[in-house]
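Asks: Protein chains in written order, with this note's numbering: chain Y, 53 to 234; chain X, -18 to 444.
Don't take every hint at face value.
To be verified - Keeping only pairs whose Cα atoms sit at most 30 Å apart, straight-line, the calculated BS3-like set for lysine-lysine is:
no., chain 1, residue 1, chain 2, residue 2
1, X, Lys277, X, Lys183
2, X, Lys277, X, Lys351
3, X, Lys22, X, Lys183
4, Y, Lys60, X, Lys188
5, X, Lys277, X, Lys93
6, Y, Lys76, X, Lys93
To be verified - Over 12 Å on every C-beta distance to chain Y, these chain X residues come out as not near it, computed from the model:
no., residue
7, Gly10
8, Ala140
9, Trp335
The set of hints was computed from the structure by calculation and includes no laboratory data.
Glycine is no exception: its CB is placed at the ideal position from the N, C-alpha and C atoms.
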Amino acid sequence: MSDTNENKLYGLVVEFGDSNALVKAAERVRDSGYTHTDAHAPFPVHGLTEALGIRRTILPWIVLGGGLTGCIGGFMLQYWVSVSAYPLNVGGRPLNSWPSFIPVAFECTILLAGLSAMIGMIALNGLPRPHHPVFNAPNFERASGNGFFLVVEADDPQFDLQSTRALLDDLGGAAVSEVYDD
Amino acid sequence: MKKEFTAAEHEEIFGQMGPMIDPSLTIEGVGDAVAGVPERKTMPYQWFLVLGVATMLLGFLGLSITALLIKGTGLWGLKIPVAWGFAIVNFVWWIGIGHAGTLISAILFLFKQDWRTSINRFAEAMTLFAVACAGMFPLLHLGRPWVFYWLFPYPNTMAVWPQFRSPLVWDVFAVSTYLTISLLFWFTGLIPDLATMRDRSKSRIGKVLYGIFALGWRGSARHWHRYEVAYLLLAGLSTPLVVSVHSVVSLDFAVSVLPGWHTTIFPPYFVAGAIYSGFAMVITLVIPVRHIFGLKGLITPRHLDNMAKIMLATGLMVFYGYLTEAFFAWYSGNPYEMFMMQNRMGGPYAFQYWMLILCNGLVPQLLWFKRVRRHVIVLFCICIVVNIGMWLERYIIVVTSLHRDFLPSSWDMYAGTRWDWMLYLGTFGFFFFALMLFIRWVPMLPIFEVREIVHAGHEEHED
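With the rest of the complex left out, here is chain Y (with noise of 0.2 Å):
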């Protein structure tokens, strides 16, 4: 596992006991301008995000799409389907009876919308992935228990193992632990 020859060094990891120590970490990571960086938590940690200085998510975007998309689709399939597939005259009303057609375009809307936030959540998360280098870091079992983990990628601009170890040592964790690829 630390055979550096053959195996490419993912990063530094470096474990804190609560999320206050991590937020203060990654912000002092964060000016020192680092951007390859990440935090691993039992919970979403409040601040954690813009101490890390990740930006928003285009997530919201998509799910609009969907929606819009779910909308109009259920729509004009069921216009298409009673105006012009299948017209049928059901007490004289307009084949374009569209008051009718609301709750199953709603319906639509909605099924659309939930599956874009859901499959777009998982996606933009890159998941699923069984296996991801980070989890060789020690103890890295705690991340979904009760530890809080920061991560500085090797292929951020500025990483350099001996300054960035230094940066990581001083930051107050434990152990600062090089993690490679497998």
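Position chain X against the provided structure of chain Y, taking the given hints into account.
Replies: Using the frame of chain Y, we list chain X on its own:
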């Protein structure tokens, strides 16, 4: 004008209510308490007992469905004029129960009601299983359930398309969307907890199985950010959805021109009734579960108290609905409407009607008293009574409007046959069987959300 409370007043008001969750719980303690249930070597005897009875009832389900498929819907008590009967009564009853789960997980989330975290996972699971039970009835009611896909619009060799002006088609869309979105919402909430289960698991098989369903979740801050956005959006989407589903179900009735069904009060009255019965079911289930699995620190009397208050509020709305129905019948001046109401109150089903008023209208008034809301056994009994009352409500709505047709020559009586009852009991088997498996394998409280609450609570104390 906003009144500012002093700390002492605040203490006086909230102190006597007891804490929302046990203040001695830590972030680790939450994981141990919740994940500890699926990690148990064996389950308590009550679990086996429920599973055993549920398996037996599941046998009823198989038997009654098999008989139905061989003989046809003539096995049921359905005939003209009462062609809806148990199938629709049970469908509406089960789907109504589901609504509390969505209300707890979505609407209370949007209103930032933190107490929901202790019960939302369980209630969402209840929703899923209840909607699955509900879906069986209209499918079997089709008579030829194997061609159920004819309900959906798709190009077919018959060159026929659904009639989109019919509420029955709206129902297909509403219920299938509801089931899909409930499943998504439930699974989205589960992903981080499944990762916790994977990381805690000692056995290879546990790691692999929980690992597959956790999708490789690693608690990354970037992932949490998108996750929170997705969860908020799903909650926002589920909120109008849950209102729409029972509204559409009520339109199945209200769009027709039958006396007693053709009223504008139906959609809100049905939605309130759905939430009412759903909360009754959540409380019925949660009271024994918190006792048996040692979760009293997480599901506290405060939760029961809050849920009882929601029941009381929605119960009053439902009762208002009953009064409006009677008023409408009188005020309409329509002889058929007036006869329908007279027949309901004094006809052959008068006993069921007055039982319904007793169960849904009068007994729940006990919930005004705090001592009743805090008394676990009394609360449990009231919830059972409400569940029965809500079933009677649907029975009365379906049967009394149909059995006295416009022409007296078409009048008839309706009663469920033993096959009707067996199928109904069978769905209970399915419901409890699924619920027991859920308790066995899945963390029944959202671990990460409760951790957030615990964490926030500790922060407050430190400040």
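Asks: Indicate, hint by hint, whether the structure satisfies it.
Replies: Results for each hint:
1. X:Lys277 with X:Lys183: OK: Lys277 (chain X) and Lys183 (chain X) at ~26 Å, within 30 Å.
2. X:Lys277 with X:Lys351: Measuring from Cα to Cα gives roughly 19 Å; hence the hint holds.
3. X:Lys22 with X:Lys183: holds, 12 Å
4. Y:Lys60 with X:Lys188: holds, 26 Å
5. X:Lys277 with X:Lys93: holds, 22 Å
6. Y:Lys76 with X:Lys93: holds, 27 Å
7. Gly10: For Gly10 (chain X), whose nearest Cβ neighbour in chain Y is about 10 Å away, the distance does not exceed 12 Å, so it is violated.
8. Ala140: Given that some Cβ of chain Y is not farther than 12 Å from that of Ala140 (chain X), nearest at about 8 Å, it is violated.
9. Trp335: holds, 35 Å
Hints 7, 8, counting from the list given before, are not met by this structure.
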